[in-house]
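Novice: Given next are the chains, with one letter for each unit.
Number of protein chains: 2
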Amino acid sequence: REERITLAHGAGGKATRTLVEAVFVDAFRNPVLEQLEDGAAVSVGGARLAFTTDSFVVSPLFFPGGDIGDLAVNGTVNDLAMCGARPLHLSVGVILEEGFPVADLQRIAASMARAAAAAGVEIVTGDTKVVRRGQADGCFLTTAGIGVRERDVTLGAATVRPGDAVLVSGPIGDHGVTVMLARGELDIEADVVSDTAPMHGLAAALLDAAGDGARVLRDATRGGVATILNEIAGAAGVGVVVDEAAVPVREEVLGASELLGIDPLYVACEGRLVAVVDAARAAAALAALRAHPLGAGAALIGHVADDPPGLVLLRTAFGGTRIVDLLVGDPLPRIC
Amino acid sequence: REERITLAHGAGGKATRTLVEAVFVDAFRNPVLEQLEDGAAVSVGGARLAFTTDSFVVSPLFFPGGDIGDLAVNGTVNDLAMCGARPLHLSVGVILEEGFPVADLQRIAASMARAAAAAGVEIVTGDTKVVRRGQADGCFLTTAGIGVRERDVTLGAATVRPGDAVLVSGPIGDHGVTVMLARGELDIEADVVSDTAPMHGLAAALLDAAGDGARVLRDATRGGVATILNEIAGAAGVGVVVDEAAVPVREEVLGASELLGIDPLYVACEGRLVAVVDAARAAAALAALRAHPLGAGAALIGHVADDPPGLVLLRTAFGGTRIVDLLVGDPLPRIC
Ligand SMILES: Nc1ncnc2c1ncn2[C@@H]1O[C@H](COP(=O)(O)OP(=O)(O)OP(=O)(O)O)[C@@H](O)[C@H]1O
Ligand SMILES: Nc1ncnc2c1ncn2[C@@H]1O[C@H](COP(=O)(O)OP(=O)(O)OP(=O)(O)O)[C@@H](O)[C@H]1O
Ligand SMILES: [Mg+2]
Ligand SMILES: [Mg+2]
Ligand SMILES: [Mg+2]
Ligand SMILES: [Mg+2]
Ligand SMILES: [Mg+2]
Ligand SMILES: [Mg+2]
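Residue numbers (this note's numbering), protein chains in the order written: chain Y, 7 to 342; chain P, 7 to 342.
It should be emphasised that the hints constitute simulated quantities derived from the structure, not laboratory data.
Any given hint could turn out to be false.
Given that identical chains are not distinguished, each listed pair holds provided it fits within a single copy or across any two copies.
[Said to hold, decoys possible] In silico DMTMM-like pairs for lysine to aspartate or glutamate, Cα to Cα no more than 25 Å straight-line:
1) K20 x D193
2) K20 x D284
3) K20 x D110
4) K20 x E103
5) K20 x E258
6) K20 x E257
7) K20 x E104
8) K20 x D158
9) K20 x D218
10) K20 x E195
11) K20 x D331
12) K20 x E156
13) K20 x D197
14) K20 x D214
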């Protein structure tokens with residue numbers, strides 16, 4: 007048993023999951039939290055709500071295609087959208103390091119405002135704390151959000167069953183690779199920008215098309231598509247079989263991932279979702295994704311099977327099959 | 007115009023207010039946020055909600071009477087309670103520094119769980135991020151919370167009017183002084199513990215007694231009672247006149263404050279509220295506070311006047327009168 011926090015505890019993979027279960031779920035224990043979905047499904051005064059939060063510690067703060075501000079807004083909008091909710095109200099807690107440039111803060115706030123307007127949400131409350139130089143790294147944000155669950159559909163990893171189809175809404179790994187390259191520590195150049203985007207509209211289109219055939223939606227953030235599929239396989243006690251050749255990955259991302267020594271299946275996206283739907287609805291769902299600007303590159307990447315329960319299998323391009331585990335370690339720290 | 011963030015921007019006083027208005031309110035601009043109350047009053051699917059957030063960067067993490075965990079839960083419970091809401095669901099974003107002891111995290115989570123149970127709320131969703139050694143200081147928490155506004159009363163600083171009575175629920179400054187002394191940087195000892203506590207029950211008792219005579223509730227956190235009264239005077243365009251001799255302060259807090267060189271009126275509490283009520287309801291409201299375990303030391307400390315608009319006047323023990331401004335600078339950094 008580890009006695010100290012390591013970077014892996016923040017990577018969104020195996021170590022994060024173990025820590026969250028052993029420390030937080032064990033202490034807070036309640037049926038809503040125990041679902042471990044993207045957000046909490048709660049009811050208040052007769053209203054069916056979704057409630058979620060994420061902290062953002064991305065480095066650098068500004069990167070091609072986005073910055074910590076729109077990332078924080080889109081991230082919370084997306085976790086609400088993955089609950090099948092319409093995102094409405096956001097909060098933001100800001101932790102600043104003494105000496106941080108006010109101009110950068112203004113740029114971040116403006117980016118948050120633009121992202122909120124684009125997603126149709128309002129930032130209605132916040133908090134601002136400052137710590138001494140060296141006690142934080144520039145600017146950390148924590149957004150929380152409330153959405154309303156207006157649809158009569160039960161989403162959740164546990165509802166997935168053998169025969170279901172697995173879709174992804176577009177090419178994977180753009181965000182993670184972009185942020186790694188933006189750090190400039192590696193001598194790699196690639197023409198790639200973050201995919202950060204609000205996916206509530208995309209999710210709504212998919213849910214309209216899939217109807218009660220929709221099982222679960224997940225935004226493929228930390229740990230990437232591979233980690234999410236493992237979570238689904240584990241929660242539903244099913245096998246997930248993925249066809250490697252069907253997984254959309256940009257040439258540039260593939261190349262950069264090789265140089266970074268990481269499989270794109272584990273690289274975070276911030277504007278891509280994985281959806282599991284009843285096979286009978288797969289074609290309609292895929293068409294709905296592709297008809298949306300954010301889903302033009304959507305693909306059917308695999309299916310759910312009885313066996314092996316709890317595992318993800320990859321059919322490789324060469325005809326072989328290998329097990330794809332949860333993300334181990336932290337190859338891409340502070341990606342969000 | 008300052009170009010870099012200073013500790014004062016996080017102290018909850020004049021600089022915080024200026025930064026929040028110039029950067030965040032200006033960028034996010036919407037009628038709910040612009041109220042600048044303890045939380046946002048929103049309506050979702052017919053339900054009247056309150057929504058709030060606070061980040062916590064207190065140092066040290068453990069101090070007499072509490073720790074960052076119960077502080078974070080109580081802080082968010084209290085901001086909801088100050089909106090007249092019944093607190094229901096909390097989220098928590100955790101930012102950890104690599105190397106942080108897992109045992110300390112468990113202690114913090116257990117403390118959060120106890121505080122949540124005591125306040126009757128559930129922590130239903132969360133997030134966990136890790137940054138490298140030296141990029142944060144141990145553990146930062148950001149809680150957000152949802153409550154339901156079941157009462158038919160409009161609370162807000164802008165509703166305050168001349169003639170109203172100003173109450174405080176107990177002795178002030180315990181929390182701030184406790185945390186400063188717990189750092190051990192000062193060679194002062196004092197027999198004082200943090201007042202951190204969930205005030206939803208206390209607030210409900212007060213609101214029951216004050217009925218539609220209740221104007222505004224505020225928990226006296228960063229910037230202390232003086233800063234809150236300034237916010238109220240500013241928002242309502244009234245004068246607030248405080249009788250120094252009536253303000254409850256423990257002997258130990260008074261002594262330590264003198265050594266720290268700070269007026270207890272500016273020292274943060276985490277379990278004390280300021281209430282403004284119609285003078286006709288003041289006696290009933292005060293009695294209700296005093297009848298509650300958290301309000302045994304409640305007192306009527308002043309009243310609202312026409313003049314001077316926007317200012318707080320202190321009638322000193324020696325019969326003089328002086329203006330009490332917003333908190334300037336940051337005499338007590340990382341108090342919450
Ligand atoms: N500190 C915590 N306390 C309580 N629950 C937590 C905590 N950290 C994570 N969780 C829960 O664990 C689950 C997984 O969280 P995670 O942050 O990995 O999901 P996510 O937000 O969808 O991904 P990402 O953070 O990469 O965007 C969620 O149900 C979340 O509520
Ligand atoms: N970064 C921010 N973005 C948007 N609004 C903010 C931000 N920081 C503070 N605010 C708003 O400013 C007002 C005052 O915030 P403040 O944090 O001082 O209140 P509080 O939570 O009651 O006090 P404390 O944080 O000391 O407990 C609130 O209405 C809050 O929503
Ligand atoms: Mg998610
Ligand atoms: Mg997320
Ligand atoms: Mg606050
Ligand atoms: Mg408050
Ligand atoms: Mg507060
Ligand atoms: Mg998260």
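Novice: Please write out, lowest number first, the hints stated earlier that are contradicted by the structure.
Specialist: Result: hints 1, 2, 5, 6, 8, 9, 10, 12, 13, 14 break, sorted rising.
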